[in-house]
Every structure is written in structure tokens, then in C-alpha cells.
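Enquirer: Following the hints, complete the assembly by docking chain P onto the known chain R.
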Amino acid sequence: MPLEIDLSKLRHGTELLKRGFARMQKGGVIMDVVNAEQARVAEGAGAVAVMALERVPADIRAAGGVARMADPQKVQEIMDAVTVPVMAKCRIGHFAEAQVLEALGVDMIDESEVLTPADPFFHVDKRRFTVPFVCGARDLGEAVRRVWEGAAMVRTKGEAGTGNVVEAVRHQRTINGQVKELSGKDDDELFKVARRLECDFEVLKEVARLRRLPVVNFAAGGIATPADAALMMQLGSDGVFVGSGIFKSDDPERRAKAIVEAVMHFDDPRVVGEVSKGLGTAMKGLEIPAIPKEQRLQERGW
Amino acid sequence: MLKAGVVAVQGAVTEHLEAFERAFSDMGRKGQAVPVRRLRDLGGVQALAIPGGESTTISRLLQKFGLFDEIGKRAREGMPVLGTCAGLVLLSREGDEEVRRTKTRLLGLVDMAVARNAFGRQKESFEADIAVDLPGEEWRRPYPAVFIRAPVVTRVWGGCRALACVEGRIVLAGQGNLVAAAFHPELTTDTRLHRLLLGMI
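So the protein lines, in turn, are chains R and P. Read in our numbering, the first sequence has 73 at position 73, and its numbers run on one by one without any break. Read in our numbering, the second sequence has 5 at position 5, and its numbers run on one by one without any break.
For reference, chain P alone in the conformation it holds in the complex:
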């Protein structure tokens, strides 16, 4: 029995819960996906998704309700974490001017620097099929990626590896048990990234 959690502060929470359910079914495994709103909700959670939404809002509320440090601790101990969009920003070590101005505290887990809203405002949001640089037959198919006011990774170092690019900008990165996507795998029915995460348990 697998147990996955979704940080349920704000944003695409139910979409991630449903994506985990689809992933369990695609893997032929029994599993449970739960929203994580309080410290006690993290009990027994083996893999965690931090959804898209507003990174400033999510960061502030994670601190206010005592989840921020615990998520950092569990991730450093090896719990697989998938951060999408705002979640990617929170996973990073280094933010941009916007992150500094809004005093957004980052989890600082992945050796990468990010820029928020890097493609522009909502009218510049886009869908694209991207090539993902991961081993295995199933990653030879393109990934349908949905970018909504998306951030990008501007620099990687240390243990972090760039896994996909759009127009020469990094939109997917990984470091050990941590995966950061600038796009929204939870908005499509492609479960490969959620399965990748569950496979690390």
C-alpha cells in the first residue's frame, strides 16, 4: 500500500490527488493519496507533491501552520518530492528579484536558481510537447506539458541535473529524490512523472 500526499494549502490540490490515483492504477498498485494541510497529515506519507498555485501564498501558509520545516526535513531524509510550478520555485535554493521582494522563504532543497513568471503573463501561457532526458523506453515519447505563468530554472549546479528544456530554458530538473517541473503534469492524464516519484519510494 503506497501513501502519497499533496500539500493542500492552495492551488491544484485535487488535480494532484487524482493524478496520484491514476498513477496507482497505471502501476497496478494499491495506494492512497491524501491532502496535507497540517503536520499530522504527513504521518505515513511516503511521497509528496507540492502543487501549482501562488508560491508566495503557499510559502507563507506552510510556515504559519508549521509544515515548512518538516517538509524540508523529510525531503532531506529521502522522501520523494515533486514540485510543480510554484512547487518548483519552493524547492529551489535561489530565487529571483520577485522572490526577494516578496520575502518568499524557499525550501532550498534543489541546487538550482529560478525565475518566476519567466515566459510572461497568462496570455503567454502555453502547451507544448517536450522531450525528457530520462532513461527508459517510456521516456522516448514526448511529454505533454502545460505551462501556466510558468517559472524556469536559470542555473543548476551541484547534484541537480536539467531534464528538459523549452526554447533553451530548463523546465524540468531532478536531484536524487527531488523532481521539479515548471509545468503541470496534474492537468493532463499522463502519469509518468507521478509514477517516477512513486517509483522512488
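For reference, chain R alone in the conformation it holds in the complex:
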């Protein structure tokens, strides 16, 4: 046995650990599941993590009313069923729900617009937590605000529960475009941009230097097919969340595997085509204009 020198204490909950956890999910698919059985199907299909929910977004949308954190017993049941990381959602600003989920031991918390927002003024101060967070964003200002608050991963908001990828594309393209606009700007100019986007100057400077967000950036909200996933990856997403798209389809297991393989080979249309063959019907989906503005989930949060 080699000599063991306990040189320093173990350090928990550092920025590197939170962002590092998110990095391990890259190139992967994170799937919404509502019970242990679905969680095992997702794991078997190659999901890198599962999102434990009581209802998928399409059903939350259909049910209406106030959507809250899932029953901890439900989350625990899913944590006990699989070895991949388990994530769960808390309401925007509801730090007490986040505390419960952290104590329960979930691996990442999604402060999500899919649930009914709980705080009209503030998002959760994510720096106070040991567990990492993922948050949704529609544009660069929103993404930088969330990173400043301590989010270890950013995802597009898209329009959850619609099976319609157009809003995820809008948000990813908007962020890409705004990042591009930062290039060549000096500090004075970046400061003006930070004021315009209402976001932190130091984080924005980091974005300008890296020419991308300083955290992992996933696609979410409306992804339903392998080609949708390949589209988002080609637009620069680091991985994808699939919510209602899998377990609201005809053959969830095959579709889940196909989306996993399409994400790995997003730049090879032959593979994407091969895995897309005979998958059965995707979820029906919704046209965005058919949803009244006040019912659009992406409008929640700021």
C-alpha cells in the first residue's frame, strides 16, 4: 500500500465540483421520468441522468393549477432505482424546496420555470448550496444572471411540454448571436453591454474571453426526435434534456436509445437517419401561437 498523507481536508461544494459535475453530463441525454420503472428504462437506454418528476411537463401543462416540487418520496424511489445521477426541480426562488432536495441527496437541482414561480423578486441564491443547479435561459443576459447566482449549468428554456423545438432553437441562437457580438469589444464596451443585458460585468467579460458560457450549456424544452437533438447539438448545445418527448411517445425505450445515439453522432446524418427509422409516432405536440402568452412557461423567471 502506498503511503497516505492526509495533506489537507476534503473540500466539498466548490465551484469546480459543481461545474465539473455538469461537465460529466456533456454529450449526454437527461430524461424526465415519473417512476422507478421509467427511470430504469432511461438508464438502460443510456441516459446520463434522470430528472425525477411527479408529472412530465406536457401533463403539468394539461393539468393547470400550481405546480410544485415533486413528493420527496417519489424522488427517493427514483434515486433508489438507478445509479445514474438523479435531478429534481424546485420552483423559481423557492430555496426551501431546494434545501429539501439537497438534504434528500439529489445530484443536481433544476430551478425550473416548468413549476410555478415562488418568488417575484429573486431566484435562488445557488452559491449557498453544496448541490449544483441548472437554470433555464432565453438569452445571454438571463444566462449570465443565473451563472452569477451560482448556476453550474445553463439550459435553454424552450417551451416545455410542447414537443416543438422552435423555442429551444430560438433561445440557443439568441445566446450564440449575443456571444458573437461580444468579440473584439474592450472593457468599456462590454460594460455597456452588461448594463443593457442587465447582467454582471465580470461574468460577461469571462464569456467574451471564452467565446462561450463559462458553464455547460444544454438544450431543453420541446425536443422530441433524434433529429431535434442533432439540430440542437449542431447549434452548439453541450447535451440535451428530453422531457415529455420520450414517455409521451409510442415506443419510449427505442426513442430514448435513438436520441442518445443521435446526440453522440449529431454530426453524422447517416447515423441520425438510421436510428430514426420506424420509431413510431412522436408526441403530438403544440404550435406555439396556439398557447396563450400567459400560459407560456418560458415567460416565467427573468
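In case anyone wonders, no lab produced these hints; they're calculated from the structure. One thing to keep in mind: the hints can contain errors.
Computed, partial: chain P to chain R, Cβ under 10 Å [unchecked claim]: (1) ALA12; (2) LYS64; (3) GLY66; (4) ARG101; (5) VAL146.
Heads up, incomplete: computed chain P residues facing chain R, CB under 7 Å, no partners named [stated by the list, open to error]: (6) GLY52; (7) THR57; (8) ARG60; (9) LEU61; (10) GLU70; (11) ALA118; (12) SER125; (13) PHE126; (14) ALA128; (15) PRO144; (16) ILE148; (17) LEU187; (18) THR189; (19) ASP190.
These figures come from a predicted structure and were not determined experimentally. Even glycine gets a Cβ: it sits at the ideal position worked out from N, Cα and C.
Expert: The following block gives chain P in isolation, referenced to the frame of chain R:
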């Protein structure tokens, strides 16, 4: 000209590519680091990293796209391989209950048994400076190690040697041309492990 590959199924791929680039520069050598996604990407690759991510996912996709057996063959022929976190699990001969339940196929190259998520869930993830039992002046400095839902080596036998421990549990092991780390050298700027691998070419 050195050529290093990084298994690019899922996980910390770009981080390993960048770590190899830093290692080339620290060694003052010209080199190229390439992602390995298909069989043809392995052509000319002299050293390989298997990154962190989800071992179940990585194993399944390596088999599906025909890389699994080829990586095993090349490693047995002497290609240096560094497996980190999920990569350590894949290099091992013997998995735990979780590996069996998920029917994860292992490369079975290093004489060691592993346990997945051995320190607990993400909130138990940690950073620590560890002592590495390797010869040479540069290994007298501690190694900054980042453990994320990390596995541990529960037993070594045959040609495998334990190289570092945390709280009495083995987190770094080596066997000839193979190095297995439970932590993530690709997340820091310390290039010693990547240079160790490139030095074996």
C-alpha cells in the same frame, strides 16, 4: 509528433483534449489530440484517455459503434491508456453490484475490483490534495485531485499496483501501460498524469 486520442462518446472529452494539449506544451513536444468516436479515429493514436461520464452509457455506446473490442486489443498490445472516473471503472476486471445490475461490460484490462459512487452522491463529491506513490522528483508534490461521484478500487491483484489513497481507499492504480484514476486530472491544469501517459509512448 505525438498523437493522443480521447474516447468521445460522452463526458469530459474537450477537457481531456485540452489537458493533452497542455501536456504537449509542458513537455516541449509537438503533438495532436483527437476525439475518438469511430473505429477510423483510432488510426495513428499512440495514447488514449477514457474520460469521466457515465460508465454504463459509455460502455454501451463503445460496443454499439464497434470501438469496445478494438480499444481492448490496442491496450493489450501496449498502447498507454488513462481511464478517469468512469474510465477507471471500464478498465477494471471486476465491477460491483451496480455494474452487474446495469449489465455494464468492462474492458477487463487492469487487475482490480471497483465500486461505483463509492463516496456517495454529488453533495459528497470533494477536492483533496493527494500523495502519489511514483518515482521521480515531480511526484513529491501533492496532486490536486477532483472527485465527482467517484468510484474507488476495492482490491488489486496480479500486476496492478495501488498508487494513491484517500481515507485508506485506493484512488489511483497502475499496471504497465495502463493508469486508472478515480478523480479528474482533466479538470485541473496539473498535467503530470497526462505526461506520464505520453511518456510511455
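Enquirer: Next step is simple, just say for each hint if it's right about the structure.
Expert: Structure-based check of all given hints:
no.	hint	verdict
1	ALA12	holds, 5 Å
2	LYS64	holds, 7 Å
3	GLY66	violated, 12 Å
4	ARG101	holds, 8 Å
5	VAL146	holds, 6 Å
6	GLY52	holds, 5 Å
7	THR57	holds, 4 Å
8	ARG60	holds, 5 Å
9	LEU61	holds, 6 Å
10	GLU70	violated, 17 Å
11	ALA118	violated, 12 Å
12	SER125	holds, 5 Å
13	PHE126	holds, 4 Å
14	ALA128	holds, 5 Å
15	PRO144	violated, 10 Å
16	ILE148	holds, 5 Å
17	LEU187	holds, 5 Å
18	THR189	violated, 11 Å
19	ASP190	violated, 13 Å
Hint compliance for this structure: hints 3, 10, 11, 15, 18 and 19 are not met, and every other hint is.
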